[in-house]
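Engineer: Just so you know, the protein sequences line up as chains B and Y, in that order.
Here the working numbering is used: the first residue of the first sequence is 118, the next is one more, and so on.
Here the working numbering is used: the first residue of the second sequence is -11, the next is one more, and so on.
Interface residues of chain B toward chain Y, partial, derived using beta-carbon atoms under 8 Å: (1) Asn214; (2) Lys215; (3) Phe218; (4) Ile220.
With a Cα cut of at most 27 Å, we get these calculated BS3-like pairs of lysine-lysine: (5) B/Lys158 with B/Lys173; (6) Y/Lys16 with B/Lys155; (7) B/Lys215 with B/Lys155; (8) B/Lys215 with B/Lys173; (9) B/Lys143 with B/Lys215; (10) B/Lys158 with Y/Lys58; (11) B/Lys173 with B/Lys143; (12) Y/Lys16 with B/Lys158; (13) Y/Lys14 with B/Lys158; (14) B/Lys155 with Y/Lys1; (15) B/Lys215 with B/Lys158; (16) B/Lys158 with B/Lys227; (17) Y/Lys1 with Y/Lys68; (18) B/Lys158 with Y/Lys1; (19) B/Lys215 with Y/Lys68; (20) Y/Lys16 with B/Lys215; (21) Y/Lys14 with B/Lys155; (22) B/Lys215 with Y/Lys58; (23) B/Lys155 with B/Lys173; (24) B/Lys215 with Y/Lys14; (25) B/Lys155 with B/Lys227.
Calculated from the structure, these hints are not laboratory results.
Cβ coordinates follow ideal geometry from the N, Cα and C atoms, glycine included.
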Amino acid sequence: SQLAEENSWALSVHEGESVTVNCSYKTSITALQWYRQKSGKGPAQLILIRSNEREKRNGRLRATLDTSSQSSSLSITATRCEDTAVYFCATYGSSGNKLIFGIGTLLSVKP
Amino acid sequence: AQTIHQWPVAEIKAVGSPLSLGCTIKGKSSPNLYWYWQATGGTLQQLFYSITVGQVESVVQLNLSASRPKDDQFILSTEKLLLSHSGFYLCAWSLDWGVQDTQYFGPGTRLLVL
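Chain Y on its own, in the form it takes in the complex (with noise of 0.2 Å):
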């Protein structure tokens, strides 16, 4: 059975200092990748979606970068964190692409910025 695991569970950073946030997937072979952030008590918006190793794409810019160094690893990160960077982040995995595509969640970060 595929787990998907997220790492650290909550962070409390202050503004300014880096981040980085981790997730893996288990048993499933070349999936599809993507960030969430989640403002607390909002919706679920897409940052980033990888497709494969290496290969990141960018879909909403908040000042954060991600990169997948492996085919179950994905990292998302930044050097400077800001207080609007407070929130929840999931990472998802899928097998297909596109509209019919069903995204399964991991269990999320919760990142405070002081």
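Excised from the complex, chain B in its bound form (with noise of 0.2 Å):
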């Protein structure tokens, strides 16, 4: 089973819009990660965000967490084409050597 899941399988959005793919995990967790992966490409770490941490920024790019409600969020503003990827978000199993992805949301950003 999934430890961690997207909440939506695709999200588009024209360019400058912006957007939040949304994650939910099932255990506790010391941190999450969301990655991004574009097509063709191996995936590239956006932001890794601590269970202690509320909220982190990158850039454009602004991920929450809410331990409580054991959810994430990944928000971008003013949006590029070149956002348009696959973004997951994943964390470690309990065991701490398995990092475990979601499904992924298929982003694309229109002109």
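Join the two chains, each given in its own frame, into one complex according to the hints.
Structural biologist: Quick look at the structure:
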């Protein structure tokens, strides 16, 4: 079973708009990571947010973490066509040796 | 700067044939290394990890094996490919361990088994 999963299969926005990808997870965590994978490439980490952090920013990206509802969100402002990608949230399993990815959300940013 | 290289870029192989995929990391000493598999349109599934030369731990059984013959090299292989082995294979490295770990992924190898 998935430890973490995004709540939408796909999202579509126009350039310049803001968008939020949501993720829910099932067990207590120490940190949650957001990755982005562009077509045909390997994933790249965007943000790592620890359980004692409520919010973390990286340029146009903002991640939030709500440990009480076991959920996280990744917001992108002023989207660009190059933000088109699959966005994954990921957490470690209880043994600490396996990074488990959600199913991913495909974000399409249209001109 | 550290670089991660995977080879080959893509392969088309017959069912039952052997397979060897490689990964090298340059610019980092004693990294943790990982193999992932991704079905088309699917999520990433961690297959193996290695903390040091000669030691590999299996995470998921998919009739594949892995070896780490050198500090900077990670090999994924099988003697007999199955149709279900088709997909995108990604190698990754990290320096830390556990929940604070950031993993850096290579460009991947696309495999089609016919």
